[in-house]
Amino acid sequence: MKKLQPVFEVINTILLQQLQVGLSSDGDQAIGVKASIDQILLKTEAADGINLEQIQVTVEKLQIPHPADLNLYATVLLENVDVNILPPFWARAARLAKNPIVGKLGILLDRIEVRNVRVEVKLSPAKVADIQVTMESCRIKLVGQLMQETTNLKLEVYGFDLRQKDKKKALGDAVIRLADVRVRVLEMMMNRVIEVVREKIPSKVGGLEIALIDSTMRIDAKVKLGPLPMQVPVEVQLSTRDNMFGIYIVKIFVGMARPLILKAIQTFAAGRQEISASGDNIWINPWPKIPVKPELKVERFAIESGALLIQFGSLTEHVPKALPAPLEAAAEDGDEDEDEIDEEEVAAEPGPSAV
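First residue of the sequence shown? That's 1 in the numbering used here, and the numbers climb one at a time after it.
If you are wondering where the hints come from, they were derived from the structure by calculation, not from laboratory data.
One should not assume that every hint holds.
[Unchecked claim] The calculated DSS-like cross-link candidates involving lysine-lysine, where the alpha carbons are at most 25 Å apart (straight line), are:
| id | residue 1 | residue 2 |
| --- | --- | --- |
| 1 | K297 | K169 |
| 2 | K293 | K127 |
| 3 | K3 | K98 |
| 4 | K165 | K293 |
It should be emphasised that the depicted structure is a prediction, and the values quoted were computed from it without experimental measurement.
With the hints as extra help, turn the sequences into a complete structure.
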């Protein structure tokens, strides 16, 4: 119980208002459940925390295994939920996370609006799961103003082996596909993020401010290039190539600062697998740093309508691989002939890689 004590200091009171539940049948083997909740308050006795409002959840399908189909199927739809995060929550969350940056997140958001998240799960007798997630939208707001928007998410996970104790390895062995999602980050969000992580910025950079103008990003940096700080505006444009994110330095408005800034960028990129710099071009490849190898296609990385836009394209339809045999069957096959070589196993393809 001592391990839970820090959690209880963040949330120890749950209040639920007006729960309604409806049941339905979907054929002989499946049932449906629909629930709506006006509000759930997660707080402490002394202070407010997180309020979840207008929650609408539907279990569209729950089919348990039966002789004609040994798989388990479940489809859950979260039609609506609004999450309000009240100011007293952040200080308590920072203590729980043991990270002071968490305490500053209140300047980024106070409300999250989620619409139409559908999760479809298929679980085989071998305890291997296929999961498909789609989401219409998730909007992050601060005092009613949009800060970030994610729309049209499509995430697929195939062959996630629940028997594997090392879940990171299980995810690494699974096929993970990300498609169609569009992320917009507004100018205010970008500048507020800089405020949150200011302590992590090198001491030679006294300040940073971002302005998104037409198709370009202007960065006003106050840097210490000598005995006195100097305001150095830099104009950049964004692009994508081979699933990498490109930054092209269009103009550095203080001519004498140009070679120093380019050298600083090259020094920073040296030895970092995910960053390469050559001349005025910087390429960022974040995927080697991610423990899984998703299939995806980065279509756009640009400034558009006052926001940073990241858009992923559609993928071809996934062709499922044969599922592994249940443990009992695999053991029986191994007892028949331990010396026999499975030709299909020898010819098996390697695991998925980023597209």
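Structure-based check of each hint:
| no. | hint | result |
| --- | --- | --- |
| 1 | K297 / K169 | 23 Å, holds |
| 2 | K293 / K127 | 22 Å, holds |
| 3 | K3 / K98 | 14 Å, holds |
| 4 | K165 / K293 | 19 Å, holds |
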